Amino acid sequence: MFKFLKRLRGKDVDASSPVEENQPAAVIEVLPGSDLPSYAPAPSETETESGTEATVAQSGTRTDEKEIAKPDLVSVELPKRSLGTGIRSLFSGAMDIDGLEDILILADFGVETAEEIAAELRGEANRQGVTTDPELRLLLKDLLAKRLSRNDSALNLDDGTLPYVILVVGVNGAGKTTTIGKLARWLKDGEWEVVLGAADTYRAAAVDQLETWAKRADSPIVKPVKEGADPASVAYQTVEMAIRTQADIAIIDTAGRLQNKKDLMDELGKIRRAVEKQAKISEVLLVIDATNGQNAMSQARAFAEVAEVTGIVMTKLDGTAKGGILYSLQKELNLPIKLVGVGEQINDFAFFSPEEFAKGLVAKK
Amino acid sequence: MFGNLSDRLSDTFKNLRGKGRLSASDIDATLRDIRRALLEADVALEVVKSFIAAIRERALGDEVSKALNPAQQVVQIVNDELTKILGRENKRIQFAKSPPTVIMLAGLQGSGKTTLAGKLAKWLKEQNQTPILVAADLQRPNAVTQLQILGEKVGVPVFAPESGNGVGDPITVAKDAIAHAKKAQFSVVIVDTAGRLGIDEEMMQQAIGIRDAVSPDEILFVVDSMLGQDAVNVAKAFKDGVGVTGVVLTKLDGDSRGGAALSVANITGAPILFSSTGEDLDSFEPFYPERMASRILDMGDVVSLIEQAQKTFDEEESKKLADKIANDEFTLQDFLEQMQQLRKMGNMKSLLGMLPGAGKMKQQLEDFDESEIARTEAIIFSMTPLERNGPKVLNGSRRMRIAKGSGTSVTEVNQLVNRFEQAAKVMKTMSKGGMPNIPGTNPVTMGGAVGGGYIGGKKSTTKKKGSKSGNPAKRAAENQGLGFSQPQESKPGSAFGLRN
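Protein sequence lines correspond, in order, to chains A and B.
Under our numbering, the first sequence has 87 at position 87, and the numbering climbs by one with no breaks.
Under our numbering, the second sequence has 433 at position 433, and the numbering climbs by one with no breaks.
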């Protein structure tokens, strides 16, 4: 569904040169280097094997172990993951267009958005002369899906500047650590090398919690030397380790913080700066609990400003919460929803699909 | 953009305040505003509906039309109804006749149960109880470790026979814990359980299993105050599933408008017993419905403030200080001592947040850097006793020396001295029962001067109250004039400051 660029792991890949059919879980194809803008001296129109030599020859760093040679990249397509039955329908009975506003309010869309969508649907229904229940549902689904679709909802793992660094932020109890565990496992399954950074040095046992997930995801973890250590230094070391071990991705967990705590929010800026000393931050994921109401807007606004959020993860969508707030998050704050969490198991997460989400909301019970 | 519920309601009432009599359409317009405010504050729709209906009925009745000040009357009604939903009297935790008292915690994932368990244990210990914590969350990775660390921090033993992470049976753990507590004569058993969704049958069954194994005296439903409309479903599910005897609101130190409190109280019918207001283990207090209602209506939480202050302040010392202020003998040394006392009182922000009319300055409060106090302290520490007692001697070279000594700049030293002089003036006025309204004395930007403002004010609290309007909205407005020279943000026509 989405294409990502990851490191071509030299020997393994060389041995079984066309990898494409060999990997049922992940489709890998070798890319010409010319597609990579960040790759200055990349040879054009050459396949990877010769590309390797060209790159190495030009940079001349083959013998120097310390300096990291620019890795070769492969384009990977990861299997689509479905929300499944995660989304519950808005309607327990027949769809009532007059009651739509209240129903959307109940789904945490917010008063204003609910009014707006209800009015629009009514107008559209009148225009098209739609009256029956299935037609109205379809109309609402299309309206929601259309408005929620955007072209930046894939993870930013495709610009080739390895290692990709993902910073995970959010308020207390939103599900950051769990999200990281799931994400790490999924990437690992796609044969990415992941390093986890436990920069939540504040909450009791947060490091242990991430460590458990790291084991489950079979990934190394960078831990603080002691409780209360500087999270920025943990973040720095995580990136350092990712570079040293030539990992593809570094995922950094941060302590939960309420968005109105200025000093804690400022700490995120510090973490960012520490990371940026060595690598580009590909993704700042803000984790939002779907059971939260309108306060999610305040969270997103504050985190976007301080931490430069690039995408949102909606967790706990497997409950009764409909997560209608994600609509406003996307529309009003222009932040794409990228992932959704739908349970406590390691595989319980999916890419956000507007179509699936909208379908789930209007489904007939 | 968004204010909190208090801001919104006080804006609505400001519009009402100007009018002598209210027409039915006035009331409807106000109710619409209130409805919207409540919804945007995440109060559940069904609760809002019944709330609005109740207010409308009373507002349209004789009560209001005959009242001298109808707007004031509407405020009173809204306040009454809010308090009614939140539970009129403050309930206490039920202790068992024969110990141990068993308290079971239940709630969604991430609502803050484990942290709360630690806080509760600490609080109980301070009440001369001998609590024991039970690690029955064997689900979430390292929840057991987390509880053990918290137990160690607060000095309360933790019963944790299973290491968790999916291993072990929480029901057995809970059962064994009770036997252990009885034998070892603990007075309170706090059972931490895994977070669960209301619709997760299996997990709810497990919760019921734990409940039946420990027969708790209290089942505390731990609720994230940021919860949205789903609060209704969640509350229903827990009420009908494991049962709820009391509610604890967590993360109240955030900027959520706390509508979940109304929803959950209304749906479960159970009293809200505690509120949790921060990450450190002291940020925990009994819940006071009237105060919460007042807070929502922006009438401030003066009672909490005074209580907290009394814990720390020595009556006599305060009196001495007040006299000093009145006699113009207030010095930088006193200023420093006050600041240190104030710090003892706990987090400055939560303290200031309790002041009436402080709703509007919440953001500023949050922006307030506590390290500012440290800097102020450093500056005063770098002064000689002579300078501390008479800042008038501070000439250029002295200021330079102080700046160097404290690692600050001369500008900062100047600022402090200016603020101090202003503050001393304000306090003098206040201690005489006056109403200082000097621009630039905003306690937040004033830094350390807050302490002074408070003490001076405390002595005359009762006096001031008498002089104030009985209209809460007006009073709030007055209070805002009380030194917090905060620019009014609301524009006419957009009572709620809504996004247009």
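In short, the hints are calculated from the structure, not lab data.
Any given hint could turn out to be false.
[What the hints assert, rightly or not] Okay, derived cross-link-like pairs now, DSS-like style, lysine-lysine, Cα gap no bigger than 25 Å in a straight line: (1) B/Lys-182 x A/Lys-223; (2) B/Lys-84 x B/Lys-236; (3) A/Lys-261 x B/Lys-182; (4) B/Lys-153 x A/Lys-226; (5) B/Lys-182 x B/Lys-97; (6) B/Lys-125 x B/Lys-153; (7) A/Lys-146 x A/Lys-359; (8) A/Lys-226 x B/Lys-122; (9) A/Lys-141 x A/Lys-331; (10) A/Lys-364 x B/Lys-236; (11) B/Lys-84 x B/Lys-125; (12) A/Lys-331 x A/Lys-359.
Only a predicted model underlies this, so the values are computations on that prediction, with no experimental measurement involved.
Status of the hints after comparison with the structure:
The straight-line distance between the Cα atoms of B/Lys-182 and A/Lys-223 is roughly 40 Å, outside the 25 Å bound, and the hint therefore fails. Between the alpha carbons of B/Lys-84 and B/Lys-236 the distance comes to roughly 19 Å, so the proposed pair stays at or under 25 Å and holds. The hinted pair formed by A/Lys-261 and B/Lys-182 fails the criterion: a straight-line CA distance of about 42 Å is larger than 25 Å. Between B/Lys-153 and A/Lys-226 the alpha-carbon distance is near 15 Å, which keeps this suggested pair within the 25 Å criterion.
At most 25 Å may separate the alpha-carbon atoms for a hinted pair to count; B/Lys-182 and B/Lys-97 meet this at roughly 14 Å. Only pairs whose Cα atoms come within 25 Å are accepted, and B/Lys-125 paired with B/Lys-153 is accepted, the gap being roughly 12 Å. The straight-line distance between the Cα atoms of A/Lys-146 and A/Lys-359 is roughly 12 Å, inside the 25 Å bound, and the hint therefore holds. Restraint check: the Cα-Cα separation between A/Lys-226 and B/Lys-122 comes to about 24 Å, which is no more than 25 Å; the hinted pair holds.
With a CA separation close to 16 Å, the supplied pair A/Lys-141 and A/Lys-331 stays within the 25 Å bound. Our distance criterion of 25 Å between C-alpha atoms is met by A/Lys-364 and B/Lys-236, whose separation comes to about 23 Å. In summary, the hint linking B/Lys-84 to B/Lys-125 is not supported, as the alpha carbons are separated by about 31 Å, beyond the 25 Å threshold. Distance restraint check for A/Lys-331 and A/Lys-359: the Cα-Cα separation of roughly 19 Å lies within the 25 Å cut-off, and the hinted pair is therefore satisfied.
In this structure, the earlier hints numbered 1, 3, 11 are contradicted, and the remaining ones agree with it.
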